[in-house]
Amino acid sequence: MTSTKNIANSFIHLRVHSDFSINSGVMKVKDIISLAGQYHMPAVAISDLNMFCGLIKLYEQATAQGIKPIPAIDTQFMDERGRLHDVTLLAEDEEGYVNLRRIMTQTYVRARGKIEYTGRVRSLKSTKRDPRIYITYEQMEQHSQGVICLLPAYFGPLGNSAREDKIDFADPCYERLKAIYQDKIFQAIARCQRPGEKGLEKYVLEYSIRYQMPLVATNDVLFKRQTDFKTHQIRECISQGVVMAEYQPEYTSEQYFKTGQEMAELFADLPVAISNTSKIAQMCTVKFKLGHHDLPRFTLDPSDPAQKELKDEFDLYVKEHPEVDEEEWILEKLAWQGLEARLKVLYPDPEEREAQRPRYNERLEYELGIIKRMKFPGYFLIVQEFINWSKKNEIPVGPGRGSGAGSLVAYTLRITDLDPLKYALLFERFLNPSRKSMPDFDVDFCNEGRARVIEHMQEHYGKDSVSQIMTFGTMGAKMVVRDVARVMGIDRHKADNLAKALQDKLEYKVVDENGAEETKTAKGTLENNVKYNPVFKAYYENTEEPEYRHIVDYSKPLEGLVRQVGKHAAGIVISPIEMNNYSAFYISEDGEQSTHFDKDDIEHAGLVKFDFLGLKNLTIIKNAIKMIHKRQLREGVKPEDLLDINLIPLDDPACYELLQKGDTHGIFQLESEGITKMVVNAQPKTFEDIIALIALYRPGPLQSGMVENYINRKNGLEEVYYPTPELNFEVLKDILDPTYGVIVYQEQVMQIAQTFSGYTLGDADNLRRAMGKKKQEEMDKERGKFIEGATKNNHDPAQAQALFDLVDKFAGYGFNKSHSAAYALISYQTAYLKAHYRAEFLAAVLTNGQSDISKIYGTVKDLKNTARKIRVDFIRPSVNYSFEHFDVDHKGRVIYSLAALKGVGVDVVKELIKEREANGNFKDFYDFLSRCGRHFSESQLKVMINAGCFDDFIAQGKEKGHSREVYHHVLKPILAAVKNSAQGNLFADLTENIDTYIYPDIVKEVKPWPMDERVKREYDAFNFYFAGHPINAFSAERQTLASASSIDDLFNKFSDYNAEVLSNSRKGGNQRAAVKSHTLVVHIDSVRKSKSFDGSKNVLDLAFSDETGNYRGDMFSNLSANQLAELADQLEQDSKAVVTMQFSSYQNKDTKETRTSMRIRNVVPLQTYISRCKGKIYALFDIRKAEGLAQVNNYFKAFIAGKPISQKCPLEFHFLFYTRFGVGTVEHKHLTSFTPGIYQALKEICGPHNIILELEYVEPEREGRTYRPQAR
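When you line the sequence shown up against the working numbering, it's residues 169 to 1440, in that order.
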């Protein structure tokens, strides 16, 4: 027998699974390469289950280590009996690699394309594998060239047949596969100690000889070392959704990445099985072609008249100039034509146009020269084709995104819509002639049209050449600790504690050799949290509760592993030939097509990524303009004079006034609270101001003081320097004037280098990149170049050094002006629409957010708050005039969308509209049910009743059965009759037989809902209070008991507090401002009990609201669990409460930054609060209603008789009576203690607005306090 030492070096692992085998693999590709190198293996194959995702990484990392990478795949094939068996296919050469990709593409298309799975196939393995993903004999026959087949034993035909006790069932499989692969098929054999594996070996040896399939040893590798087996099992449990106690293992602890020696010893009796691995590896010679960029050739479409004319012109031209490149000729032709069209719009006056033309011509010639020299005309032509197709087909496209807006060629081709010369946008920021890299146009499309653009690309270039790009979701630290705890049966609270303690970004201090301390940052991995996060570390090292350590230790190797595949949000690739030459197609469950590679790997493979992003604001603009055009046409505006959003003036006063007031809800990029404050402070007056504000609102500029400098200089509070008092250069004035001397943009950094030190703009872009990377060697080189150039330009070297350091500092904060300018245009367009067409604009905003009704409230609030000022009405939905979207009627009123109601949805509303358009408006509620009831569920119709969708019919009279209450009462039997109707329609004579359901006494039997219930039902339908708020009935309490009149007022007071703290900070005074408290009377929407992070305090999670807004927060308390439950019950029963909010500030010890906070300090049920008050309650009665006075006297006799009066909180009840001659005081006065019964009786008799309170809250004794809230 050959010595195992002699054959160990010849072993190669040919069946290895990375974490791209998503259900079970626990090794990253880099781990596999590391182990292969460590064990001196000259080659390795990765054969993931139905996936090629790791092969580019395999090739790059393996070749870098001198290891041969072998592309392979594990999959299943179907035999004649419909059974599925494992098979491993290896690529012998490039043709074989393409064939493997073709096989998997066909498989995914068949399984998950438009063909439904019938469920007829069966797999003899567990159900973890998708039984639809299998290959056929026919596929293998068609694509066998260059492919090596390994036929596994255990889960192959032999093992599956043996487990059925029908070993001869394997013969047809062996015969067919041998005929297909001939001398390139091997019998794989593994010894993993699986049940029945040893007994199977006699058949393995027999069939190997019978069918002349040489043996090859494999280990079906899933994890690195034997000790990782439990990690693998945990991953399996996570993917299957089971706990370890329920887990039925399919694999064994032997399936780790064994050394060659271990495998040689394992197969000492079959050395040929070891040596054959080396033989197969030598047969495999696949070379990947990486690092190039392939694009389809752009050709003109002769079916398009304009393109045909251009094609004919080119055909004539090429006869005289045969050397001309078609793409270059087309690009130049389209660019010059486009420039002419743009100049006519930019400069309508011919004289001015001619005066401006030379600088545009010069810039265009320059850009075209660079594009041609860098061989990118095809790229520009491809981009302009799909963008112009989109515009032609009314799919809104953004004016630009990223640095592409700096290209004049892009502007002339209508790729972008912003003049780069007007706003000093630089081409070199987009395409640097001194740095070879692909241009990259990121394109924003209307959300609703993005899919259509992708379909167009597939039609234009072929479905087998266009694909979206795969992404991978990984196992994050917080999720994995929860998963591991669940699988291991550990208390979930321990996992929650760990997850809450985790920090995404960690800081730690290091001391250098000189004793200087430096703060560094680290990613928030589990390992780093154990090292640098003291709270997390304390859990980990808690010896009394070792479960914490167990969770973390088993989570560490799982962190970062691929958890699921997805689709890149924007990426599209176009192949010049069949996509399988670059990547197989993966088809998701919803039929979407993507590559097997992520965005980085697919670009390495040779394809160019195009980013198609969906931008909701473009959809909002499109929908608003539709409604505006409808209104304009109704008002008699000619079609040619309708609003064109691309032609609006960029100096509109109303638009800037809106921004200056902070009326920014719905305004793209400017609607968050923080940037709104900045906009109000800056008071923008020009489009350049908007560009700058968008660029400045980022952490770096905000923390550096740049924003304050910019605003103060702009508003005349600071003198403008270029850029500082110490370094004030007149030569930089033109560059820095638009930003008042502050270096805001990356383009300004480039222009400073060009003007001050003689850089070319290409070299200046390299300088910008070097400053961003902060690599010392590059920076030293650039510093010398900058100073040398400045000296040649007659600048002082010391000042040049200082300016370089200053520019270097600001370069870290600088933003891409091209991107900011393009997005500023969308910001301006949305602001313009809101300023001039508010109803239509906000209706479009609402439509865009209606799929998430929790987000609707902010826009409704914005619309309602301004309705009184600008006469915009907001009306409830109706089955007769509402649509599946928000709309604006002929009176300029915003009509609520039916589809935005909770649980209703778009599909059923479309059925309603179809019926309404076909047969006219609905006559009443019962007519609606007869025509549309079959489409709706009972719960959907109840929501619509609660929302008032049938209120138009109520005017017909309650006595005729028209009220929300009656509709609810009769809905169920009528709907049942409708859906049981033989015609599948509501029976035609419903209205004739309505008395069956609406009998004469029904109105008496069905009681009207109290106002509170009516409002609550509306809240349930809309997810906010539509036409009223429960707190509105408590105006007297709010006026007397609250220091903040509303939630809006509370936030205004908090803004004032922030301003005070900021002012103190600037003055260098007391940065920790005094704590302030405010009370307000609110409606409690929800109460939830929980624990503080460290478990030491009980917490109430409170959500409350009033008519101006809502708030959610935690109140920390020292109450016992029972006391907290009692308080929560009181709040839920009363639902009205007095909340005390506390404002406080603190200073960060490290950054010295002062921060403020607002939190819930106290909450008391309203009735309890009043009972703790002393003072007077006045009730105003109409003297003519004697029965009212009698009622009051009866109440007081009943409540006061025999009851002690609180000495601490006495209340005087005074009764005022009025007649038509005025108000007079009568000597009716009672001294008593507060009781909810008296108070509620007075409100009911007098009406809530006829109660006047003069009360003072008396703090209860500490011992008697219901609870004592604590600071966080």
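There could be a bad hint or two in this list.
Said to hold, decoys possible - The calculated lysine-lysine pairs, modelled on DSS-like cross-linking and capped at a C-alpha distance of 30 Å, are:
#1 K673 x K699
#2 K794 x K767
#3 K688 x K943
#4 K699 x K646
#5 K673 x K646
#6 K673 x K942
#7 K196 x K398
#8 K901 x K196
#9 K798 x K767
#10 K798 x K777
#11 K398 x K688
#12 K1091 x K604
#13 K366 x K334
#14 K949 x K960
#15 K677 x K631
#16 K1221 x K1175
#17 K392 x K198
#18 K334 x K236
#19 K677 x K688
#20 K1304 x K1175
#21 K1244 x K1342
#22 K352 x K334
#23 K646 x K1082
#24 K977 x K1059
As the list claims (entries may be wrong) - Pair ranges (Cβ atoms, derived):
#25 R1256 x E946: 22 to 32 Å
#26 S1325 x G873: 40 to 50 Å
#27 D973 x P821: 55 to 65 Å
These are computed hints drawn from the structure, not numbers from a lab.
Beta carbons: idealized from backbone N, C-alpha and C, even for Gly.
We went through each hint and held it up to the structure:
Distance hint between K673 and K699 is fulfilled; the C-alpha atoms sit about 13 Å from each other, no more than 30 Å. Under the criterion of a C-alpha separation no larger than 30 Å, the hint pairing K794 with K767 is inconsistent with the structure, at around 36 Å. For the hint linking K688 to K943, the alpha-carbon distance of about 17 Å falls within 30 Å, and the restraint holds. Pair hint K699 plus K646 holds up; C-alpha atoms about 17 Å apart against a cutoff of 30 Å.
For a cut-off of 30 Å, the pair hint linking K673 to K646 stands: about 13 Å separates their Cα positions. With a C-alpha separation of about 21 Å, the suggested pairing of K673 with K942 holds against the 30 Å cut-off. Distance check on the hinted pair: K196 and K398 sit about 17 Å apart at the alpha-carbon level, within 30 Å; holds. A threshold of 30 Å between alpha carbons decides the hint, and for K901 with K196 the separation of about 54 Å lies outside it, so the pair is violated.
Using a Cα cut-off of 30 Å, the hinted pair K798 and K767 is violated, with the two alpha carbons roughly 43 Å apart. Between the alpha carbons of K798 and K777 the distance comes to roughly 39 Å, so the proposed pair goes past 30 Å and is violated. A distance of roughly 35 Å separates the Cα atoms of K398 and K688; the hinted pair therefore is violated under the 30 Å criterion. The suggested pairing of K1091 with K604 is violated, with an alpha-carbon distance near 70 Å, which exceeds 30 Å.
A hinted pair counts as satisfied when its Cα atoms are at most 30 Å apart, and K366 with K334 qualifies at roughly 17 Å. Distance hint between K949 and K960 is fulfilled; the C-alpha atoms sit about 17 Å from each other, no more than 30 Å. For the hint linking K677 to K631, the alpha-carbon distance of about 55 Å lies beyond 30 Å, and the restraint is violated. For the suggested pair K1221 and K1175, the alpha carbons sit about 44 Å apart, so the restraint of at most 30 Å is broken.
A C-alpha spacing of about 11 Å is found between K392 and K198, which places the hinted pair at or below 30 Å, so the restraint holds. Pair hint K334 plus K236 does not hold up; C-alpha atoms about 40 Å apart against a cutoff of 30 Å. A distance of roughly 6 Å separates the Cα atoms of K677 and K688; the hinted pair therefore holds under the 30 Å criterion. Taking the CA atoms of K1304 and K1175, the gap is about 25 Å. The hint holds against a cut of 30 Å.
For the given pair, K1244 sits about 24 Å from K1342 by alpha-carbon distance, which is consistent with the 30 Å threshold. Taking the CA atoms of K352 and K334, the gap is about 27 Å. The hint holds against a cut of 30 Å. Our distance criterion of 30 Å between C-alpha atoms is broken by K646 and K1082, whose separation comes to about 48 Å. Restraint check: the Cα-Cα separation between K977 and K1059 comes to about 56 Å, which exceeds 30 Å; the hinted pair is violated.
Checking the proposed 22 to 32 Å range against R1256 and E946 shows it is violated: the Cβ atoms sit about 54 Å from each other. Range check, S1325 to G873: Cβ separation about 23 Å, and the 40 to 50 Å hint is violated. For D973 and P821, the hinted distance range of 55 to 65 Å is not satisfied, since their beta carbons lie about 42 Å from each other.
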